[in-house]
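Engineer: Chain residues, written in single-letter form:
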Amino acid sequence: MNNISFNKFYRKFNILSLVLIITSLIFLIIKGLNYGVDFKGGTLIELRTNDKTNNISMIRDSFNQMNLGDVSVKKFGNETDFIVKFEKQNSNDPEFIKNIQNKLSSSIGDVDFRRVENVGPKVSSELLKSGIIAISLSLAAMLLYIWIRFEWQFSLGAILAIFHDVIITLGIFSIFSLEINLSIVAAVLTIVGYSMNDTVVIFDRVRENLRKYSDIKIYELTNISINETLSRTIITSVTTLLALLSIYLFGGEILKGFSLAMILGVIFGTYSSIYIANPVLVALNVSQRTIVKEEKD
Amino acid sequence: MLYFSKLRIISVIIFTIIFSYFALSNFTKLDDRFFSKNINLGLDLQGGSYLLLEIDNRPVITQRLQAKIIELKRYFKEKEVSLKNFSLNGDTITFEAQEQDLEQVSKLLKDKESDINQYYQSYKSHEFDVIENNNLFNLNYSRYGLVLLKNASLDQAIEIVRRRVDEVGTNEPNILKRGNDRILVELPGLDDPNRIKSLLGRTANLTFQFISQNSEESFGTEKLSFEDDNREAIVSKRIILSGDNLVDAKPTMNSQTNETVVSFSLDRVGAKKFGKATSTGVGKQLAIILDGKIISAPTVREPIVGGSGQISGNFTFQSATDLALLLRSGALPAPLNIIEERTVGPDLGQDSIDAGVLSLIIGFLLVIIFMIYKYRAFGLIANLALITNLFLLIGILTIFEATLTLPGIAGIILTVGMAVDANVLIFERIKEETKSEKNPIIAFDAGYTKSRTTILDANITTLIAAFILFFMGSGPVKGFSVTLGVGILTTLFSVYFVARLLTSLYVIKNKEKEQLL
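These protein sequence lines are chains U and V, in that order.
Following this note's numbering, the numbering of the first sequence begins with 1 at its first residue and continues without gaps.
Following this note's numbering, the numbering of the second sequence begins with 1 at its first residue and continues without gaps.
Here chain U stands alone, though its shape is the one from the complex (with noise of 0.2 angstroms):
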């Protein structure tokens, strides 16, 4: 059995988390989030060019010309892949595409174009409400589910515990100016689902440990419990870990964003079911009688 003192350490890494939201917060409020063309609108094209002299800048002069609006271009992969974005989309016009590509084709050589995604204003503005409505759905969802199956200090700590993870995972998406796309969204749900996964499992054990030990205050019954799941935290967080890894290193470059998005959310869902979660219940002076309490309603 292992025996660390995680408890030792509430205030401290709470002081931490704390520093942490606050950071990610304002990055959120001030700098914002880097939208792809799924929730901004506009125009994304992955092209591949035969010749290996032609550099970023070289395809942004070419795009400028066009009056495209603001326009970015980024290495995608190997050399010869970029990733163009530009604000304008004009989908209703057939040629609109095509027309790029010749004068593409007449600047700067052969390209293919590997990938095109046209989003209209409209459909920008609806997927962006339908990701904020699936992700406040499912934390909702994971409210009522661990409302029903917990007592409600339980339920306000791993609630805590999921806004921790998801605000600091979008933070560092807003810090590094990652982009946030529809599957970004897919991976925060996931995170929700994982982070409340983790803490549920310490949870379990806090509760029957409540049962077990009639005389241990929840401050060194935390600590038991966590120490007691620490071998499973650990494993599943690695094998998990490593499906990831293998995702973001051999998964190709769309699924980058993606995994990176998962990688962040499994390591601060983990450490938040451990340093989240538990001290809440301690906060909240979790004892034998409250799960007494409502075994006897």
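Read the hints as simulated data drawn from the structure, not as lab findings.
A quick note: this is a predicted structure, and the numbers were derived from the prediction, not measured.
It is possible that part of the hints are untrue.
Label-pair ranges, simulated between beta-carbon atoms [stated by the list, open to error]:
(1) A67(V) with T80(U): 52 to 60 angstroms
(2) Q350(V) with I56(U): 20 to 28 angstroms
(3) K293(V) with T53(U): 52 to 60 angstroms
(4) I30(U) with E167(V): 52 to 60 angstroms
(5) D56(V) with L284(U): 52 to 60 angstroms
(6) I21(U) with Q350(V): 41 to 49 angstroms
(7) N50(U) with S319(V): 25 to 33 angstroms
(8) D93(U) with S11(V): 31 to 39 angstroms
(9) I369(V) with D93(U): 47 to 55 angstroms
(10) N78(U) with E172(V): 28 to 36 angstroms
Listed next, the stretches of chain U that the computed footprint assigns to chain V, with coverage defined by at least 3 CB atoms under 8 angstroms from CB atoms of chain V [stated by the list, open to error]:
(11) 229 to 235
(12) 243 to 253
Beta carbons are placed, not taken as given, at the ideal position from N, Cα and C, and that holds for glycine.
Once you've looked at the hints, dock chain V against the given chain U.
Structural biologist: Using the frame of chain U, we list chain V on its own:
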């Protein structure tokens, strides 16, 4: 928890074999007579185009309201009620009634049996909302009137879209309604969507109208410009013939001028109308108008009575083919706008499959090695359960012919990583139990029993997230929620049947050993 009846053992084995067979049928040529289903690859994996079209219903609504005014005038004339000052302001029809007729007009419009303002029993609503203001009547489409109108126009549009897409001949297009004014078109394997986009982007409203002799625009005429240059012409508003009367159109070569033209043939009514108009109009210019632009305006040299004709207009063979296709498939009731487009080239799709499969194999191997390192024999059991899990997951996706997307593959890999969680919870619990309980069978049993609620709790939370994603997400993301959700169910099966069965066999065989786990 460790006891398995013979029947149950056999069922688990048969179940696993059947699903493994389904899963394998995706990769090798197996007997098609027995099972011929396959997982569909999403557009992001096989390449193709996803187009979301929105109908612009405004012209239809205006057109209907104009027609309604004529209908109202005729109807009330028959009832010998005189109304005046009909006008159309935006979407509102306004007219004035005389004092003594107010009651009758109101009754005719608001009665449930009304034949001028239809009442829909199913919606408990009239087609139009009627607002009376002194002796002024305002008619507006009611909410349901508008819904019905939009649905009718969507049904018509989807039919035309289907015909056009079919004519181009792509493989297995998917054309679906979305809400009451959108159409989703999925074109797998299509490399270049430009042609389809230009075909779908055109209403293809064809009319034949005479060019007016007057050089000034007046009542009953309109000024239209030519398709290929900026010339303009004054055209009579009277429509001689419209595209509705066409029965066939095809691109042909005019042998005299050596030019590509579109030949068309008309139905009987059309042929009659066309014959009559051309015989009275010899010497006049007949404008052929497509979507408000004049394609050409040949001079009528002789009456055309055969019910067939040609449209010329500087066509290339391709543009003549497209015009013929548009004319054959009919006009859209309203213009369609492409509001979302996603196209993936086939080579990127293949790259994504390769990368997805590679990361699946690597992720899988890493997890397997880690589990064996951590749990030895039991790691092997967990791994066997994991492999069964994968077969079940792919087997179920195959049965439902689910669509596998790139995020879907990510969902499978994630399932691999998270699936071992249940076994880890059980094994860790067993380890704890063994400390106080020397009999391994009792300890294992307790391990399974005591970890059960935790495992259920943990999986239900992920399942909730998957469900919400499934209902809120779209396209590729939906594919992720499917594999994640199904993955949880197969995980529970593989843990509680396969792994538990293997564990029980192992424990019963080795119960004399000192330390099992």
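Engineer: Against the range 52 to 60 angstroms, how does the distance between the Cβ atoms of A67(V) and T80(U) compare: consistent or not?
Structural biologist: The hinted range 52 to 60 angstroms holds for A67(V) and T80(U), with Cβ atoms some 58 angstroms apart.
Engineer: How does the Cβ-Cβ distance of N50(U) and S319(V) compare with 25 to 33 angstroms: does it lie in that range?
Structural biologist: For N50(U) and S319(V) the Cβ distance comes to about 30 angstroms; the hint holds.
Engineer: Does the Cβ distance between D56(V) and L284(U) fall inside 52 to 60 angstroms?
Structural biologist: The hinted range 52 to 60 angstroms holds for D56(V) and L284(U), with Cβ atoms some 57 angstroms apart.
Engineer: Range first: 52 to 60 angstroms. Now tell me if the beta carbons of I30(U) and E167(V) are that far apart.
Structural biologist: Holds: the Cβ-Cβ distance is about 54 angstroms, inside 52 to 60 angstroms.
Engineer: Go ahead and decide if the range 28 to 36 angstroms is satisfied by the Cβ distance of N78(U) to E172(V).
Structural biologist: With Cβ atoms ~32 angstroms apart, the hint holds.
Engineer: Using the beta carbons of Q350(V) and I56(U), state whether their distance is inside 20 to 28 angstroms or not.
Structural biologist: holds, 26 angstroms
Engineer: For the hint 31 to 39 angstroms, verify it against the beta carbon of D93(U) and that of S11(V).
Structural biologist: 60 angstroms Cβ-Cβ, so the 31 to 39 angstroms window is violated.
Engineer: Given the range 47 to 55 angstroms, decide if the beta-carbon distance of I369(V) to D93(U) lies inside it.
Structural biologist: Holds - the Cβ-Cβ distance for I369(V) and D93(U), about 54 angstroms, lies within 47 to 55 angstroms.
Engineer: Assuming the hint says 52 to 60 angstroms, is it satisfied by the Cβ distance from K293(V) to T53(U) or not?
Structural biologist: Since the Cβ atoms of K293(V) and T53(U) sit about 44 angstroms apart, the hinted range of 52 to 60 angstroms is violated.
Engineer: At least three residues with a C-beta closer than 8 angstroms to a C-beta of chain V: is that true for the stretch 243 to 253 of chain U?
Structural biologist: holds (count 9)
Engineer: Would you check chain V against the stretch 229 to 235 of chain U, counting CB to CB pairs closer than 8 angstroms, and say if three or more residues qualify?
Structural biologist: holds (count 4)
Engineer: 41 to 49 angstroms was suggested as the range; check whether the CB atoms of I21(U) and Q350(V) agree with it.
Structural biologist: At roughly 43 angstroms between Cβ atoms, Q350(V) and I21(U) fall inside 41 to 49 angstroms, so the hint holds.
Violated hints, in rising order: 3 and 8; the structure is consistent with all others.
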